[in-house]
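Chains as they are written, first to last, in this note's numbering: chain A, 1 to 243; chain B, 1 to 243.
Check the hints yourself; a few may be wrong.
Stated by the list, open to error - Straight-line C-alpha distance at most 30 angstroms; calculated DSBU-like pairs for lysine-lysine:
1) A:K174 x B:K227
2) B:K227 x A:K167
3) A:K167 x A:K56
These are computed hints drawn from the structure, not numbers from a lab. Bear in mind the structure is a predicted one, so any value in this text is a computation, not a measurement.
2 protein chains.
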Amino acid sequence: MSWIKVVGMGPGEHEMMTEQALAALDEADVIIGYTVYLELLGERFSGKELLSTPMKQEVERCRMCLEKASSGRKTAMICSGDAGIYGMASLMIELAEEYGMTDQIEIIPGITAASSGAAVLGAPLNHDFCVISLSDLLTPWELIEKRLRAAAEGDFAIAIYNPSSRKRHDYLQKACDILLETVSPDRACGYVRNIGREGTEHTVCSLAELRDTSVDMFTTVFIGNSKSRIIGDRLVTPRGYII
Amino acid sequence: MSWIKVVGMGPGEHEMMTEQALAALDEADVIIGYTVYLELLGERFSGKELLSTPMKQEVERCRMCLEKASSGRKTAMICSGDAGIYGMASLMIELAEEYGMTDQIEIIPGITAASSGAAVLGAPLNHDFCVISLSDLLTPWELIEKRLRAAAEGDFAIAIYNPSSRKRHDYLQKACDILLETVSPDRACGYVRNIGREGTEHTVCSLAELRDTSVDMFTTVFIGNSKSRIIGDRLVTPRGYII
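Hey, can you work out the whole structure from these sequences and the hints?
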């Protein structure tokens, strides 16, 4: 049996990792991940063999992990947030099939931005919700549009990941325009920047205001459902208790 | 300023809590929560003032928390999973408005069953997904049906919370029948029982098989999207990398 773990490290700081995740990284001989995440690990893991590949070489990074583990090294792949939410868990299991190692991959969950961002904003996801990424690198934009329309149709609260990038600076605006086809412009919304890192900032606003806001790639956006409201500087989606 | 934190404790065991959550409970004078969760805390916090109210008295429990904090005691409200996903975060902020304390409530996120259950199953939520609770205690069943239809329409992966209870033994079956209106009976699915506690069990199956399965209230159910597949005993929703 190989020792191979895919570890969700949460938003970044150690205190937002689970004890299970920290223990896995303590035990690992090799830690593999995107360079920025390796840097977030800091001093505590500086004695390990730390390996990376450039961005967009996720397949190569996962193969590197499987090869290292096959050679007998305890190998951990780190992902920001949760390993299984836009993380490397699925690709690792898919590739492990080639190596006959699917049953040897252990997934260790982490706090995803839907949870950590919601905590900063208040409680925007405290009822049924959707998580949608606006990145069309791996997903056709038409499917993203379809999901935005379905989320609005179902009156879900929504967490939006990857709302922007250098090449996709107007995607949040496009997404808001799709929601505005059926959702009121005064729908309660909010967004959080730099979750769990230095300089965390949060803002509450209406959907109409969000449409005209520029956010960067370090931002997670939250759209309330029809019952959500802004209380002070918090965004709250009620669970339904009569108070 | 009062000291008042709403803490997500994850599925149960300490090792699945974040360091931030454990530190908050270590610092608290008073810990309030549903009795079962207080018991899960164990020895480490037995020196604290531990308070509870019976089930369904969530409003009273939150008021108790706000009163204790107002009286100057460092008070933590615990929730299973994430504080802001079907947890007490929203109700606490709503009630805190009456006390002029909305800006004093700190929410500490935890690992929700969507993440912890997904990790056991493999990677069922590794693309856009919805979280839907089948509990109609606080939500009209018609709205739950509408959301299930919207989730299927949007080809989301789905995590289903509260799939069953003594009074709602056929709700998962009803939910599957709604999905089966548009989704293929061989859609890849799975479920996990007793996540993060002793006797964790997971099963993969088709949607047709899931429809005829009885699950209990300690189970979280996962429905794949149209690209999901079963690999060995894991349920995997690909992110879209070409391999």
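Going down the list of hints, with the structure as the test:
no., hint, verdict
1, A:K174 x B:K227, "holds, 25 angstroms"
2, B:K227 x A:K167, "holds, 27 angstroms"
3, A:K167 x A:K56, "holds, 15 angstroms"
Hint compliance for this structure: every hint is met.
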